[in-house]
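Protein chains in written order, with full-length UniProt numbering: chain A, 1 to 215; chain B, 1 to 246; chain C, 1 to 266.
Derived from the structure by calculation, the hints contain no laboratory data. The beta-carbon is built from N, C-alpha and C at its ideal position, and this holds for glycine as well. Treat the hints with caution; some may be incorrect.
[Unchecked claim] Straight line, CA to CA, 20 Å or less: simulated SDA-like cross-link-like pairs of lysine to any residue:
1) A/124 with B/51
2) B/11 with B/63
3) A/124 with B/159
4) A/49 with C/32
5) A/49 with C/255
6) A/49 with C/44
7) A/80 with C/36
8) A/124 with C/18
9) A/49 with C/253
10) A/80 with C/44
[Unchecked claim] For the chain A half of the interface with chain C, some residues (derived, Cβ under 7 Å), not all of them:
11) 39
12) 41
13) 60
14) 61
15) 73
16) 178
17) 182
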Amino acid sequence: MNAIIENIDVLLSGFLTTLGLSALAGFTSFFGGLILAGFAISNNPTLRKISMLYVALMQNIPAAAHLFFMIFILPVLGLKAPFFVLAIIGVTIYFSAYYCQAVRSGVNAIGRGQLEASRALGLKNMQTMRLVVLPQGLRNSVPPLINTTIALIKVTAIAGVFGVTELFGTMLQLINVNDSAVIALMLVTGIGYSLITIPAALAAAAVERKVAFNS
Amino acid sequence: MQATNSMISIKGVNKWYGSFHVLKDIDLEVAQGEVVVILGPSGSGKSTLCRTINRLEPINNGAISIDGQALPEESGPLSQLRSEVGMVFQQFNLFAHMTVLENVMFAPIQVRKQKPAAARARAIELLDRVGVGAQKDKLPSQLSGGQQQRVAIARALAMDPKVMLFDEPTSSLDPEMIKEVLDVIVELTKGGMTMVVVTHEMGFAQTAADRVVFMAEGEIVEVSTPEEFFNNCQTERAAEFLSKVL
Amino acid sequence: MMNVELYDRPGPLERRRIRLWTLVLAIPALAGVIWVVTTLREQGILDSEAWSILTDSEVIVSLLTGLLATLKVAGVTVVLSLVVGLLLALGRMSELRWLSLPTRVWVEALRGLPEILLVFLIYLGVPAVTGLNISTFWALVVGLVLYQSASMSEAFRAGFLALPKGQKEAAVALGVRGFKTLRFILLPQVIRQILPNLVSEMVRVTKASSLGFVIGYTELLLSGEQAIEYLGGQYAVPIFAGVALLYVIVCLLLSWVSRILSERLR
Ligand SMILES: Nc1ncnc2c1ncn2[C@@H]1O[C@H](COP(=O)(O)OP(=O)(O)O)[C@@H](O)[C@H]1O
Ligand SMILES: [Mg+2]
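Could you build all of it, start to finish, from the sequences and the hints given here?
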């Protein structure tokens, strides 16, 4: 217990770093995912293939391997940057693929009848995309987008073993010097993550119930 | 030569799904103001034919033209042509993210560039005409099937189409709602609209059609007036079909 | 591919316009590729000598041994998670509140935690509390099972809820009770239903098993790291590429199996 009280400020700063890392990496990943999703739903077959190839490759390489590459291999190549920045890039390369899939699944869930109705009324391809596909598709995508973000927050913990002092990394450092408080430190860390992920999961479930259009 | 009053002209159309020949040498002319009802067993290609008329289904060969204009291959001019062809689907296909009123105003504003106020006034008029004016601010999912289909008809009419295509408009409705939708369609036939209607409602075909087209296995087997078709059909296949449905 | 056709089939003019756009976009893309390739070459990363390390039999053997360890962790984890997940699902669906409520809290809480925290909880926590040593293999497996079983219990529950209600009633009417209803009537159907789901969980677990790297269990990623350590930095990129490719191949194969299964079972 003492280990927690004495180090509450360090833990808090780790928690805030987790929040910051998640927010920044989440933002860049979401942005990357939107671009990939744009490729995936474009009418250009080459762009669609590029998007599919990217997702198939990057999604299937484990997060730990992505971070390993950024933090251990890039410096060997002479590229040096703070761990925090490298972690953001590594997470972004991985999670862009997941955000892309989240948007795609939302678009795929649109009934083909919606598209046919729009075409039959004389709307052009781009109008159908902008006025029918995107409003419904993005709305369908909200729950998977939240769930992807939850997964991203949990994955940022791996950056802790690669030298980023976010919540999990902070915990590891504290365990090193307080080996009698292992369980307490892990409990507090777990609570820290739950404080973010559980409300988000509840929100995703609530949105899912609300979003469902019945067709 | 094409008859001057031909509104829809289908000539030598063939279509395959892979190796499956869905439409076999289809020829059909629909005159201005004519109501053509397409009958036939399910799987005979009625929907496919109906959907080729506005190129929701592309064809492999043959030619289709509407009001003398061949169906364009490019999507720009195709959209232009489609805006003059109303279509009503079996599954209604109202836009799920828009209210009833927005559904009806949508294409006039986006495609015809009408002023919202004008589009709105016209939409309300049409919704009242099909008897769902009171529902205008609801979402489609809050309406019964019969109400949704009537909104879908109003949505198509809002574009002042030259032609209306109906693909089994009452087939997914509960029996008690079929009449309210058929009444709206019958009303339209009286207004001189050119219509192609795929349906299993024999009563409707008998009273409202100018001509009946009977399809089986991707072919047009028989074309005749309703009286002739229902009382004195020429082919065995038609007789067999009628014995099952009547 | 997309399931819905988002665009009308393009006409000849439009196809030409699309191809033109592809060419226009290809110019900067090509420039980018050339830049990357020259940079990599200047760094000596494209040396064929360095890449030929991937044909070295010792390297191949050590990476494949790593892959085998990865698959071993994944396989054991999935099987255990299946059993624990089923128990959790039954617990959560139980009519006994003292059973269903804690199970529910357990499942929700675990699903909100990072897997790496659970792996460390076992790896450091078990020795700290009990004084017993735990092997890295079991620390990894148990940590992953804690998370995966919670996640699979939700799949099981969805599977049970999707069963027609009549099934259970018919079983009761036939006099088949309790455990037998479950074992012979409900479970086979649920397993059948969620089988594709289970295979895609295998993909998740295969990737998650790379956490063995951080606790020192020599699976694929760690064996790659050890090879780089041993051979030297100039081999870092080729070896990493080999490791990444193995993950991609295994995961794509599993996803493919899952897709085939879900099509077959439909
Ligand atoms: N997209 C498709 N791909 C392959 N076969 C199809 C497709 N759409 C329809 N068909 C087949 O074409 C035939 C005609 O279908 P359809 O025009 O819907 O018949 P109908 O409306 O007369 O019931 C059916 O046998 C159907 O299975
Ligand atoms: Mg049909």
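Original post:
Failing hints, ascending?
Top reply: Of the numbered hints given earlier, those the structure breaks are 6, 11 and 16, listed in rising order.
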